[in-house]
Amino acid sequence: MKRSIFNYFAGCALAGMMACTQSPTPKEEVKGEASKDEFKYQVEQFADLKLLRYDIPGFDQLTLKQKKLLYHLYEAAYSGRDITWDQKYKYNLAIRRTLEEIIQKFDGDKTTDDYKKFVEYTKRVWFSNGIHHHYSTNKILPEFTQEYFKTLVDNTKDAQWPVKEGQTAEGYFAEITPVIFDPKIDPKGVNLAANIDIIKNSATNYYSGVTQKEVEDYYKSVIKSDDPTPISYGLNSQLAKVDGKVVERTWKVGGMYSSAIEKIVEHLSEAQKLAESETQAKALGKLIEYYKTGDLKTFDEYSILWVQDTIPVVDVVNGFIEVYGDPLGYRGSWQSVVSVKDLETTKTFGQIAGQALYFEKNSPTMAEHKKEEVTAVSYKVINVVAESGDCSPSTPIGVNLPNANWIRATYGSKSVSLGNIEHAYDEGSKGSGLLQEFYTPEQAEMIRQYGTLSGKLHTGLHEVIGHGSGKIEEGVGTPKETLKNYASTLEEARADLVALYFMFDNKLVEINLTPSTDVGKAAYDSYIVNGLMLQLARINPGENIEEAHMRNRQLIAKWVYEKGKKDNVIEKKSVDGKTYYVINDYQKLQILFGELLKEIQRIKSQGDFEAGKALVENYGVLVDATIHGEVLERYASLKKAPYTGFMNPYLKPVMKDGEIVDIKVEYPDTFENQMLFYAKNYSFLPSYN
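In terms of our numbering, the sequence shown opens at residue -7 and continues consecutively.
Among the hints, erroneous ones may be present.
So the derived label-pair ranges between C-beta atoms look like this [as the list claims (entries may be wrong)]:
1. 96 x 469: 44 to 54 angstroms
2. 432 x 557: 17 to 27 angstroms
3. 354 x 577: 19 to 29 angstroms
Just so you know, the hints here were simulated from the structure itself, not pulled from any lab data. Every value quoted in this text rests on a predicted model; they were computed, and no experiment measured them. Ideal Cβ positions, reconstructed from N, Cα and C, are used throughout, including at glycine.
Make a model of the complete structure from these sequences and hints.
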């Protein structure tokens, strides 16, 4: 499970040698800056997006063997990026390659407003890994006309258009132009609306030619409900109807996405030779075997080895992992995070994992929904070296894996916070004006003093304790089976509520993680204002909330606001025509968080679909139009983009006599250059799969 960066932003940013047996594949020259003196975090801003960079503290102090290991994991990460594009929408790769041909070869006037709008559209598509917005999943519509698009195409010389076999360029553009411009064609990447066929009404390429009922019937027929160690059904395949039969097209070597997966395996095989521990080498071997066979039992074996491997400095997440992009929560988006452990910070915040049993025992949830024992939970702070697929450019700031409940219960889980991403976000947010605009002076001062710390603690508690807590009653199916399209929202709400409830617990003071419960106050102020107001800057007028994390935050904030009205726990104030939400009683608010946590844990433990649906639909979906309009107006005055993404460093091998003698880090200069660099060097999939 991953925690979105906007949640962190609202909470705290407001304030020995081994020769490599294979030389690196030659790459197009990196365009970037070789030095990071006076490191520049923010690179550019366009539309509703801001691009930052992050550095890699301590990289130069790593051994050559560790650097080589990181290099091959880095190469494996970018080798799979095309997979994410195709998973999101069947036309994404073709459209991306069309836009990139025009960007590089257009021989017309590049000073016009129309051309600038075209460049902005291309950047938005790059950012979202496709033509549907990375967060709202609404189709990104161009602000230039179809006629101008034809002008661009006609004046792009020596273009290699991504036509299908036997298709002419004219036929290709007749097919692709409506896909780009018509708002009625596949308007929503993921549609979670109630009372519709969420498979037919979602543009995602996880399914082909099937209905929601056919998907549900298929899994009813294959899932063994009495299996104590079930595989993650559907995690690594497209479910499609072929010749009238529903089948799974597995993503593996020799299967769907084979050409990209072969490259991933190639570099994972080199990484395995450089592993820092025997367990890490075995884990990478299992991951390679899984990619070759597509066997989900092998993926479970890999996950068990991975979660037990806590000693190495270098680590990686690579595979089909998170299921938020699947309306029914089966199929995993491809992603990779390559990292090094921040030893000092891990030592400090790792205490959270050591208190897991305390938090479980003292949870306000029902006794029958608590775990009797807490299996090994590890927590570390990492510095990211590379992110790819569904983790880039928009990145999580916290990760808790593996997602299989039985593995977590038996073998534990790994929770990580992305330290250098959090730091870059802090740096890039300085002087934003959000504190002054949306918080009272008293709230702003509290957040300035404790916001960064509260954000780190919230991430840790959310990932380590929240996602690792509670249990499902015997005989109840998995959340994706019982709670369906509401499962992700309710799970994120549960993890957030665990974090919020214990943010105000004296245990954090006792173990010297916080100086006082005032840190909890800063977290509460941030969360309520974000859930009721600030995050609405991401919603277009007239729209409701669709994204699971945003639904979760409004659900929590709106529920405690309404339930606390009698005691005026949270007060809605108007000052000079501006709305503020002020917490009058933090202790009562903690109790309310506990009550909601108890109910959501019950819903999950008992698989109560109707109660879960009611909570999400009544509190998490609908937007207050008056507040929304005010937020948009106030936010616009700050001239700040509501979404932030990250450009990744380059790892550049230094060669001597055919051997790698060092790995250097370089930093990208523009978003366009980085995207074109990736396109030239990591385009391993055909345009249609």
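When the structure is checked against the list of hints, which entries are broken? Sort them ascending.
none
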